[in-house]
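Participant: I would like the entire structure built from these sequences, with the hints used as guidance.
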Amino acid sequence: MATSVRATSDGTPRSSGNAPLSQHGGDPGPPAAGWRVRLFRLDTKASPYVYIAPFFLCFAAFGLFPLIYTGWLSFHEVQLGTHATWVGARNYTELWDNTFFWNALRNTFTLGVISTVPQLLMALGLAHLLNYRMRARGFFRVAILAPYATSIAAATLVFVQIFNPDYGMINQLLGHFGAGHVQWSTSKWPAQIAISAIVTWRWTGYNALIYLAAMQAVPADLYEAAALDGASRWRQFISVTIPSIRPTIFFTIIVSTIGATQLFGEPLMFGGSIGYTGGSAHQYETLSLYMYDKGWQVGELGQASAVAWVMLLILLLIGAVQLLVTRANRRNQGG
Amino acid sequence: MAELTQSIPSTGPRHSGAPRTPSRRRLRATGAGRQQSAGPVAYILLIIATLLSLFPLYWTVVAASRTDTELITPPTPLLPGTHLVDNLKIVWDEVDMTKALVNSTIVASCVALSTVLFATLAGFAFAKLRFRGRNALLTVVVTTMTIPPQLTVIPLYQIVSNIGWVGHIQSVILPSLVAAFGVFFMRQFLSEALPVELVEAARVDGAHSLRIIWHVVFPIARPAMAVLGMLVFVQSWNDFFWPFIALNQQNPTVQVALQGLGSGDHTINHAVVVCGALVATVPLLLVFAVLGKQIVGGITAGAVKS
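Chains as they are written, first to last, in the numbering used here: chain A, 17 to 351; chain B, 337 to 642.
Hints may be right or wrong, so weigh each one.
As the list claims (entries may be wrong) - Label-pair restraints from in silico Cβ distances:
#	chain 1	residue 1	chain 2	residue 2	range
1	A	Asn348	B	Leu546	28 to 34 Å
2	B	Ala625	A	Ile290	47 to 53 Å
3	B	Ile604	A	His197	20 to 26 Å
4	A	Asp113	B	Gly375	45 to 51 Å
5	A	Tyr148	B	Asp429	46 to 52 Å
6	A	Ser289	B	Asp429	17 to 23 Å
7	A	Ser248	B	Asn471	30 to 36 Å
8	B	Thr405	A	Ser289	44 to 50 Å
9	B	Leu627	A	Val341	47 to 53 Å
10	B	Asp429	A	Asn345	39 to 45 Å
11	A	Arg347	B	Arg468	30 to 36 Å
12	A	Ile290	B	Arg468	50 to 56 Å
13	B	Asp422	A	Phe125	19 to 25 Å
These are calculated hints, taken from the structure and not from any lab test.
The beta-carbon is built from N, C-alpha and C at its ideal position, and this holds for glycine as well.
Facilitator: If you want it as structure tokens, here you go:
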């Protein structure tokens with residue numbers, strides 16, 4: 017009897033468990049068994065929540081609460097250890113009037129584009145190549161993922177040497193081809209390209225593996241049909257592979273964009289001792305760096321919070337675009 | 337970013353896969369057979385990509401074993417030198433690298449262990465247990481992955497400094513005890529790998545849920561737990577933004593120590609800086625050399641299991 021009750025409550029715990037419970041109340045079994053069954057049902061009902069509780073407690077304490085509190089702080093003037101004074105939207109209007117904020121916003125955008133677009137295109141190409149049957153494929157996969165094992169800090173310190181304008185390898189290499197001396201740190205675009213090279217180096221292999229996994233799930237009949245129609249390999253890549261893994265491509269775009277919005281360690285350490293300002297002329301200062309500068313160098317936590325919430329608004333915007341495109345995508349595929 | 341990236345594989349194909357799901361098994365089988373062999377061009381391109389990926393790592397070893405003068409005098413050396421030990425000594429003189437390595441090991445181990453434990457519990461609940469609000473809560477989990485650390489560091493820093501934890505590693509461990517990515521990762525694995533009959537059979541036998549976790553879920557989840565543990569360890573070891581804010585050079589993690597090394601005064605010894613980068617990277621490269629295939633498998637696994 018007890019067993020069958022357990023099985024029922026287990027199979028359909030979402031239906032109100034009261035019916036079997038009252039049924040059990042009339043059970044003439046020993047009281048100890050009833051107590052155990054009740055405990056058992058409590059166990060099955062409550063345990064899912066117990067299992068997910070650590071995540072949600074941790075998120076509430078270290079994610080949701082600070083997120084909202086940051087929003088509250090963004091309407092206050094506050095330094096570390098002082099009481100917050102309400103200043104309305106002043107922190108936001110000050111940002112609006114601040115050229116360094118717009119500069120940081122522009123830099124975040126341009127750095128995001130030049131570190132994301134080539135990265136994902138190369139990852140796509142690499143995934144296509146890795147999808148061929150070949151020797152040493154395991155080696156190639158591990159090798160292109162190796163940069164993922166390095167940290168932002170370590171990778172940036174090494175790339176700073178490689179991109180050094182005076183003695184760095186890149187300028188020596190360019191010199192062999194007769195190209196001029198590039199100021200990789202003081203000129204705006206070269207510096208941004210150097211920083212995005214770090215991002216690209218660290219993440220291309222990783223994204224390639226994700227594309228590869230998606231490509232391996234593309235049905236073979238599609239390729240066979242395309243081949244019968246006389247489509248070349250390139251044609252098959254464009255007309256079969258890309259459309260089939262479009263959702264994965266789309267999600268990597270979103271994820272890389274989110275990552276690019278937060279760019280911090282690379283520009284900070286690329287600048288060495290003047291990294292806090294994003295270069296001598298703020299030429300690669302990102303929103304994250306700007307926020308750090310406001311909060312920890314200037315000490316205005318309210319203004320830093322406003323920068324943080326601008327980042328949140330940007331991410332929400334990206335999320336909204338994502339939603340719209342996904343819907344449009346689904347409609348197209350459904351139709 | 338890493339946490340986010342790892343969510344794609346399963347989210348992506350879920351959308352695309354809708355019309356195809358019924359014949360997934362067949363597709364996978366034929367998909368493996370259709371692969372064309374790589375031509376010479378493919379090999380050449382892949383070798384170039386491999387060289388580009390590995391060269392900066394190799395050159396880290398080169399620069400770390402040279403003197404500052406050798407490094408800044410063109411042409412740049414391309415073969416390892418003989419000054420590795422000298423440079424290592426200077427690294428240890430300039431920053432407390434022993435403490436940094438110990439701290440990073442403690443932080444990454446604690447974070448990996450607790451994430452694996454809590455993520456397996458939550459992943460099991462989301463994959464195999466039915467409860468009110470399950471889908472909505474899972475959506476919340478996935479959404480939290482998109483919140484950047486910048487939005488939480490200011491209050492966290494206030495709290496941490498109020499209770500005097502600035503410069504103490506518990507301030508880095510505590511906020512990372514469980515990550516949404518881990519929950520999602522284990523959920524994806526367990527919904528495929530754990531037969532629901534097994535859980536039900538254990539229930540029918542009167543096993544309470546902790547026994548089920550211990551005797552059914554953990555044994556089946558073990559390979560995924562190992563992969564997740566490695567991924568989280570790598571992420572935690574490499575984490576920069578929050579440790580950089582919450583810690584200082586007196587009690588750093590490896591990454592924070594590296595930042596101190598790289599942003600020192602102007603008479604900086606570049607070979608020593610790169611040597612520090614080498615020290616920070618070697619432990620993870622060793623992990624990769626031994627377990628690279630499993631890590632590759634872990635990253636790509638989600639894409640197939642959706």
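Participant: Would you list, in rising numerical order, the hints stated earlier that this structure does not obey?
Facilitator: 1, 2, 4, 7, 8, 9, 10 and 13
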